[in-house]
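For reference, the chains in residue letters:
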Amino acid sequence: MSEVYLDYNAGAPVRPQVAKAVLEALEERIGNPSSIHGAGHRAKIILEKSRRSVASLLGASPDAICFTSGGTESNNMALLGAAALRRGGHLIVSAIEHASVLQTAQQLESRGYRVTRVRPDAEGWIPPEDLLSQVRDDTLLVSLMHSNHEVGTLQSVQAVAEGLKGRGILLHCDAVQSAGKVAIEVERLGADLVSISAHKLGAPAGTGALWIRQGVSLAPLLLGGNQEMNRRAGTPALALLAGFGVAAEISREELPIEAARLKTLRDRFETDLLDAFPDARIHGRTRARLPGTCHVAIPGIRGEDLVMALDLDGIAVSTGSACSTGTVRPSHVLQAMGCPPEEIQSSLRASLGYRTTPTETTRFLETLLGVVRGSARTPAAKGRE
Amino acid sequence: MIGRSSENHREGRIAVAMSGGVDSSVAALILHRRGESLVGLSLQLHASGGEKALSAGRCCSPRDFMDARLVAEQVGFPFYVLNMEREFQSRVLDDFVDEYSRGRTPLPCAHCNTHVKFRDLVGRAATLNCRRLATGHYARLVWDPAGGRTRLLRARDPDKDQSYFLFGLDARQLDDTLFPIGDLNKAEVRGLAREAGLAVAEKPESMDLCFIAGEDTGAFLDRKLAGGTPLEGEIVDGDGRVLGRHRGIHHFTVGQRRGLGISGREPLYVVEIQAAARRVVVGTRQEQMRSGCYVPAPNWIGLDRLTTAMEATIQIRHRHPGVEGTIRPDGRGGVDVQFRTSQRAVTPGQAAVFYRGDELLGGGFIHAAR
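Chains as they are written, first to last, in the numbering used here: chain A, 1 to 385; chain B, 1001 to 1370.
Using C-beta positions, here's what the derived DEER-type ranges look like:
{"no.": "1", "chain 1": "A", "residue 1": "Pro278", "chain 2": "B", "residue 2": "Pro1204", "range": "49 to 57 Å"}
{"no.": "2", "chain 1": "A", "residue 1": "Ser34", "chain 2": "B", "residue 2": "Arg1223", "range": "52 to 60 Å"}
{"no.": "3", "chain 1": "B", "residue 1": "Ala1226", "chain 2": "A", "residue 2": "Arg86", "range": "36 to 44 Å"}
{"no.": "4", "chain 1": "A", "residue 1": "Glu3", "chain 2": "B", "residue 2": "Gly1322", "range": "46 to 54 Å"}
{"no.": "5", "chain 1": "A", "residue 1": "Thr362", "chain 2": "B", "residue 2": "Gly1197", "range": "39 to 47 Å"}
Bear in mind the hints are in silico, worked out from the structure with no lab data behind them. All values reported here derive from a predicted model rather than from experimental measurement. C-beta: ideal position from N, C-alpha, C; glycine also.
Pulled out of the complex, with its shape left as it was, chain A reads as follows (with noise of 0.2 Å):
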C-alpha cells in the first residue's frame, strides 16, 4: 500500500524533475560561484537562474532576491536586520506568526525593543485595523504572514500596507505557506520584506529566499564575504538552489490550476467529513483560506492519536502544531484564537500538494471515519455522531 502523504504544510515531496536539477548541478563540475574560471562560471549561470526562477514566482526584480538557507533565516534576517539598524524602538507582530518570527521578535524584546502581538479572531485572521491602531511614533517594523501554517487563513497583508504607507515603517511578510499556492505579486502585496522556503515547494530544505524591496536596507546577520550583494555572507549552497530555481518556476506555471483542483479537492473532503461527524469543527472555513489546507478538531479524540493511527495506515498528517520529539506544546495559533484546550488537543491538519489525488483523500477520508469510529471517543462526543 503506497503511503499517502498529506503534510505539504510541513515540507513537500521533492520533485522529480528537482530531484534531476539538484543531481546535474553536483555531477556537473562546478565551482565557486565567485571564482574567475569555467567552473565559477557555470556556477554562477546556475546560482542567477535559480535567482530568476524565484524572481519571477513573486512578481519580483531577480535583483531584490536575497538567497538564505531558509524560511527561519529570511524571517530572521528581516526582523533582526531591520531592527539592528535602530537603536531601540516597537515592532507590532500578529499572534499567529511562525515561531521564527514570534521568538525572534521575543529575544528584540530582550534587549530592549518593545513588541506588540496582535490577537486573531476566531477563524484565525488578524483584522488590519487591530493591527494598524497599535501602530505608535516609533515603530519600525511590522510582520504579518501572508497565510498561517496551521489554519490557512490568507491575512489581509496588503489592507495592511496601506495602512502604513508613507510612515517609515517596514513591512515584513512571511509568505513560506503561501509561496507556490496562492499567487503573490510583491509590488502588489505592499510588504517591503518576503520571505520564502525551498522546501514548500518541492525542493529539498536548506534554502530559502527574502525579498527585500530596493531601497530597504537590513544589517546583514552573516559577515564575512560580498555574496547575495553584501546581504549575506556565505558560499551559497548551488545545488540545492538549482532546485529551488526549478521548483520555483514549476509552482509559477501550475499554480493557477493547481489552487483551484486543491479547493476542490479539500472542500469535497471537508463536506463530507461534516456530513460524517456534525460535530467537527473545521478552522479558518469562513475566512479566506490556502486552497489545500483543512485543520479539523474532532472532539473526543486526540489529534496526535489521529495522526499515528492514520500512519499506521500509510496517511500522513499532522496534529498542526510544530512539535518536537513527544513534548507536544498546545498550538499557540488555536489558543490566539480562544480554542478551548479540548479542542486544541483534537486538531488535525491534513494539508495537499501537487501529487494528491482525488483517490487518496478519499481514502483518507475513508481511513479517517474508521479510525474515529473505531476508537473510544468520549460518550459525550459519540452521542452526537
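Let chain A serve as the given structure and place chain B on it in line with the hints.
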C-alpha cells in the same frame, strides 16, 4: 510467559510500552520474533529537564526515546512518542507531592502502572487498533482455564520481580496484557539483546524515580511544596519528649534512620509521622516494629473478593521478602492484615500486596500500621 492473550483474539496489533531500556526492548524483540504486529510507544510523562536529563540518562529523556526508536527501527516495527504529561501530572505527580505533605510515603510507580500505563495508555492504544499491551515488567501471566481467569505471578527471577507494582491492575485488563520477559532473568534478557545486536544491551538500569532527575527527592519536594502550608515541626520520642526540630515532614519516611539530626543511645528510626501536628515520632528498632496494618481499598486479581480470613504472604514494600500472615475482610471492603511476626517500617502510602505462593492475590495501599 504470557496469558490468555497468547491463545485468543490474535487480531490487531500489540502496543509495546518502551522506555528505551533493555527490558522493554527485549519484550518487543520477543513478540516480533513470535510474528506479532507491533507498535512501539514511548511515553512522554513529564517535561524532561533538558541537558541535565539527557546526561543523567533518566527515563523520558530524549536519549531514551532515541534508543527506543532505534530498537524499533532495527527490529522493524513502527514507533511513536505519546505525550501523556497531563495524565502523569494529575494521576501520579500531584498525588506524590500530596502524600508526602500528608506524612505518607507514596508509591508512584504503582499509580503510574494502574492509571497511566494500564488504563490511559490502553485507551489511547485502542485508537491505534492495539487491543493488547505489552510491557517490559518482570512478572508472569498465565491463563487458568479452570478458574476462567488470567493469573498474575511473580517473575521467574525473584531478584527482578516487579509484580508488587502491578497489584492495582484490573483483573480483566490482564487478559489483554503481555509480559514477555517474565520468564527470563536479567542476564538472559541482556543476552537476547546482545545476540540481536541491540545497542541497549549493556545500558545501565535506571533505579531512581523517572521524574526526579539530578536532584534528591527532598529537594524536589521542597520545590514543589514551597509557598504552601509550612510542614516543619518537632521530632519527639514515644513519650512525647521533644528531641529536636525538623524542616518538613516530607523529608521523612517511616522506618528511616538517617538524616534525623539527633543522636540517641541506640540507633533511632522514624516510627510515625503525625501530619496534623507536623510531628515526627522516633524510636528504637524495637519501637518501630508493627504487627499488622489496615488496607482500606484493596484491589483483587487472584480472587473475586475476600470473603473470609485467609493465610497469605504479605509484601509491604519493594524488595521486602514477604511475611506470612492473615488477611481478614473488615466487612466494609477493607482488609485487616496481621503479620505472623512483627515487621519494621510498615509505611502508610506503600502497598501491602498479598500472594499465595507465586500468585498475586491482590493488594492495596497501607492506611495505617498497627
